[in-house]
Structures are given as C-alpha cells and as structure tokens.
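Student: Protein chains in written order, with UniProt numbering: chain A, 1 to 206; chain B, 1 to 206; chain C, 1 to 206.
Just so you know, the hints here were simulated from the structure itself, not pulled from any lab data.
Treat the hints loosely; a few may be bogus.
Put simply, identical chains are the same to the list, so a pair is met inside one copy or across any two.
To be verified - Here are the simulated lysine to aspartate or glutamate pairs, EDC-like style, with alpha carbons at most 20 angstroms apart:
1) K199 to D93
2) K30 to E147
3) K30 to D118
4) K199 to D101
5) K30 to D154
6) K86 to E13
7) K199 to D173
8) K30 to E94
9) K199 to E13
10) K30 to E176
11) K86 to D173
12) K86 to D178
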Amino acid sequence: MHPRLTLAISIMEALALFSYAISGLIEARKRRLDAVGAFMVALATAFGGGTVRDVLLSRRPFYWVEHQDYVLVIFAMAIFAPMLLKMTSRLFDERLLLIADAIGLGLFSISGTSIALDAQMPAFTAVMMGVVTGVFGGVMRDVLCNEIPLILRDSRPYAVCAFAGCWLYLLLDRMEIDTIYAVLLSTAFILIARLVTFKFDIRLPH
Amino acid sequence: MHPRLTLAISIMEALALFSYAISGLIEARKRRLDAVGAFMVALATAFGGGTVRDVLLSRRPFYWVEHQDYVLVIFAMAIFAPMLLKMTSRLFDERLLLIADAIGLGLFSISGTSIALDAQMPAFTAVMMGVVTGVFGGVMRDVLCNEIPLILRDSRPYAVCAFAGCWLYLLLDRMEIDTIYAVLLSTAFILIARLVTFKFDIRLPH
Amino acid sequence: MHPRLTLAISIMEALALFSYAISGLIEARKRRLDAVGAFMVALATAFGGGTVRDVLLSRRPFYWVEHQDYVLVIFAMAIFAPMLLKMTSRLFDERLLLIADAIGLGLFSISGTSIALDAQMPAFTAVMMGVVTGVFGGVMRDVLCNEIPLILRDSRPYAVCAFAGCWLYLLLDRMEIDTIYAVLLSTAFILIARLVTFKFDIRLPH
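Chain A on its own, in the form it takes in the complex (with noise of 0.2 angstroms):
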C-alpha cells in the first residue's frame, strides 16, 4: 500500500476514535457523571464495538491492548472534559463532530466487515459484524447512561447506511477490487449516505 495512504487512513482512525470519545464523553457531560464515569464512558463508546466484535470472532489481542497510547489520550481527555468540551464547542461546530462521527461510522463498519471475511465469516454475518463494530460502542454508551440507545429509536438511518456500505464493500471485495480502493470506496459511501440522509431528514419507517 501507498505509505501515504496508509498515513490517510491511520490519521481517519485516530480522527474517529477521538470523535467517538468525544460523544462519550458529551453524553457522561449530560448525565452528570464524574471523571471515572466519563472515562469508562468513553472508553466504552471509542472501543465497544470493536471490542464486542472480537468477542464474537475470538480474536486476539483487541485493538485497545495494541494501541494503548490511544487510550492514554482518552485518560487525559477524561480527566480534562470540561475544559476540552468547552474548546470543543468553541472551535468545531456540530457539523465538524457530524463529519468525524460519519467517518468512524464508515471506517470502523467497513473494517469489521473485512476482519469478519477474514475470519471466514459467511457474507450476512460478515456484514452484521461490520455494522455492530460502527454501532455497538454508542449502544453501549446508552446502555451506561441509562438511556434506550439512540440508534434504536432515532429513526435516522444511521446503522443503515453502514450496512449498505457493508454490502457495497462485499460486492467490491468479490469483484477483486484492491483492498485499499475497496475500503475507501464504501468508507465514503457510507460518509455521504449519512451526511446526505442527515442534511435532508430522511426517516427510517416508525
């Protein structure tokens, strides 16, 4: 792969990771809960779904015991929330938040898809392990905070539009599409599904 490709994409991870964390740590924000609250929180919104995936797929070691400078990072974020929410949303408008959470939803459901083809996972199944690896850590936020998950009643399509860039990923993958094209191809898919559906308030059947 191109080195800076790679880079791209490692830059998009981080960018989506911090995102998730930061709507963890918004949601701990609103519930009032302390620094333990807000950390484990967000911890459990950046990492859930992954984490669950691999629970399924019994693999090893999970992304987090790899990539331990990133949960250093969402310490630190923890320990200064309500600085860094401040700065937050002084320097990003929601729709920059929108824009990063779109892209953790594309990247993390496209790369569980293909961790879970790589597993030998059956195609369906494939693409339910892609889009519980998007979706699961924002249930679990929900799940800590009390609250029936958002993705199950907001009726926006929002697990929806990971699980047609799922498919669109699948499809690219039997077509021997390079990887890296693949992934970027359903990434973006699944990006400008939500924003689009977003931006026109289009709604899933109540």
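For this one, chain A is given, so just place chains B and C on it according to the hints.
Tutor: Structure of chains B and C alone, referenced to chain A:
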C-alpha cells in the same frame, strides 16, 4: 434419531425462535423504536441467550452464523413489523404466543444444558447455562429497552421452571435414557410447568 | 506460601464475595425484585467483574465454575434474602459492609491485575483489567436494576483507589518483591485508600 422426530424438533425450534423474536418486536413497538431498533431487539431476544452461553463456553460458530436464514427471516419480520404485529394479534390470541414462548423456554434451556454437559461442565453450572440460554434473550431485550428485566421482577416462576426442567434433564441423562426422550420429556416438563403456574397465577416469594 | 497466609486470603476472598453478593441483594430488594432477580443480581455482582475479565482474556474455567459451592451459598442467600438482610442490618452496621466491600475491591482488583500480567498483558492493560475485575460486578448490578452505575456518578474515588493500588502492585512486582507480600500490601493500600477517602468525603472533579 427417527427422522420424523428430528423434523418435529426443528419445527418447534423455529416456532420458538420466532415467538422470541415476536416478543422482541412487541417490546420494540411499545417503546416506539424504529425499524433498526425492532430488528436489533428481535435479534437479541431470539439469539441473545444462546450467544451468551456460547461466549461463556468458548463455543463457535454461533447458532445465528450457521442459520443465517433465520436472521434473514427476522430481518424481514422487523421491516414488516407493523403489519406483522397487527396480523399476529388478529390471528393468534395471547395464549398461543404464551405457549410458543414456553416451548422456546423449554427447548432452549434443555439444549443449553445438554451443550454445557457436552463441554464437560459440572452439574450445577450446566443447569445455570441452560437457564441462561432460556432467559437471557429476554434480559437483553429489556436492558436494551431500558427496563428492569421482566424475569427479575414479575415473581412468576419462569426461570424457576427452566431451572427445575434442566435438573430433570440431568437426572434423565444420568439414568442413561435415550437423549431424544430426555430432551422431549424435560422440555415438556418446562412447557407444562410454565403454563400451569401461569394459569393458577402461582407466585415466587418477593 | 505459608499455609496460614493461604487460609487468610481464602477467608478474605469468601468475605469479599459475600459482601458483593449482599450488596446485590440489597439493591434487588430496593428495586422490589423477586427471588430469581435477587439471585441473578447477587451472582452478577459477585462474579461479574471476574467473568468479564476472563472473557476479555479468553481464560477458562470461570471462577464460579471451579467454586460451585460459592454459587450454591449465594443461591441459598437469595432464597432467604428477606431474613438474611434483616439479620445483616441488625448484626452488622453499615461500616462493616463498607469494610468487607473495600476488601473485595482490593483483592479482586489486585488478583485481576496479577492474572492479566500472567497473560502477558502490557502494564496499562493489566491495570485496567484489575479495575474491571474490581468494579464491573457493581456496574452489572446497576445496569440490571436499570440505574446509571454508581461508580460512574457518585464522584467518590472507588475505581480510582483500585487504579492506584493496581499500579502499586505492578511496581512491587517489577521490584521482584515476593508475590504474596505484593498482593497483601497493594490490597491493604486499596482498602485503606477507600476507607480514608470515604471517611473524609474526598470527591473527584465532576
């Protein structure tokens, strides 16, 4: 095993799975979840118990990986949930759903115990694995819907019926009765115990 | 290891397990769960942390599979919960339960870290596994009872004490101090830290 018996058990299994899924859809409807929520809650209700058991026993592949067709049917059920639930409540009365659910409780609990015994678990653990297989789908359904799990509070002997039936299965197994008869007898025991205690409104101590 | 020391640790372990179970029973009573609910919540509180750790580390058999006798005792405790809780609140004052719980926090966290180190986990992960072992039982208890987990919101340094004690254990381990002394010292540290911060009502930033 007699092929007609195998067929009968497969039919009962499918019946049980779908009645679990329907109880998930009903709960999802009550909490006003969208189609994604309905699908996820139905999946968790139908496959949650067996999945937790398999994770605890380090057992793969999961049932829903080997039976993707069932997942697809639940997928369709979730999409057409509003229609389906209207039809269900017109065609079947509550009693039928209760019976289907009790068959599920019986079959899932006994199969869970049998699988745990095959994995060399000691007696009490095998029984607990059976109960977990039978009731954890419902626990997950209620946690996702932000309720205290029904089986922890409704004081009806639901898990208790499964518990007793699993001990009966263990006993029959020790007596070296043919597996198929042991399964049928103890499943029938759970089914009847559940229906009788329900009918006479027998309650656990609070 | 000196046999009297082994005995002392076994006794502390049993004490800790049952104080965790009792905290589960108290919570179950508060939320008006039935006997099944009391049993399940007590089990989850006592064994939840270790089970999550073992699932994450792919480690078997579970503690509660090897110590079925403890499960049976908790089973009896749940059945006689109303009596037991009356007796407990008469015989022991809250302080004793607090101490027993703090012993549990110390022992479980340190044993979790030690097990994670044996499984070749890196330092920070081993510490996190220790904290998970110590606090996740309580998290499960609260999620089952439909509350935001106490440790995420009460702003008392509970997980933080475990966190600090696990680092102390790691340090002592690196200094090649005899394991048993390292365990005792760092458990004592957590116990004292918890009691002192509780006594002086020291709070985390919110």
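Student: Does each hint fit the structure? Answer for all of them.
Tutor: Status of each hint after checking the structure:
no.: 1; hint: K199 to D93; result: within (15 angstroms within a copy, 43 angstroms between copies)
no.: 2; hint: K30 to E147; result: both (12 angstroms within a copy, 15 angstroms between copies)
no.: 3; hint: K30 to D118; result: neither (39 angstroms within a copy, 39 angstroms between copies)
no.: 4; hint: K199 to D101; result: within (15 angstroms within a copy, 42 angstroms between copies)
no.: 5; hint: K30 to D154; result: both (18 angstroms within a copy, 15 angstroms between copies)
no.: 6; hint: K86 to E13; result: neither (23 angstroms within a copy, 44 angstroms between copies)
no.: 7; hint: K199 to D173; result: neither (30 angstroms within a copy, 55 angstroms between copies)
no.: 8; hint: K30 to E94; result: within (16 angstroms within a copy, 32 angstroms between copies)
no.: 9; hint: K199 to E13; result: neither (24 angstroms within a copy, 44 angstroms between copies)
no.: 10; hint: K30 to E176; result: neither (46 angstroms within a copy, 45 angstroms between copies)
no.: 11; hint: K86 to D173; result: neither (43 angstroms within a copy, 40 angstroms between copies)
no.: 12; hint: K86 to D178; result: neither (42 angstroms within a copy, 47 angstroms between copies)
Comparing the model with each earlier hint shows violations of hints 3, 6, 7, 9, 10, 11 and 12; every other hint is respected.
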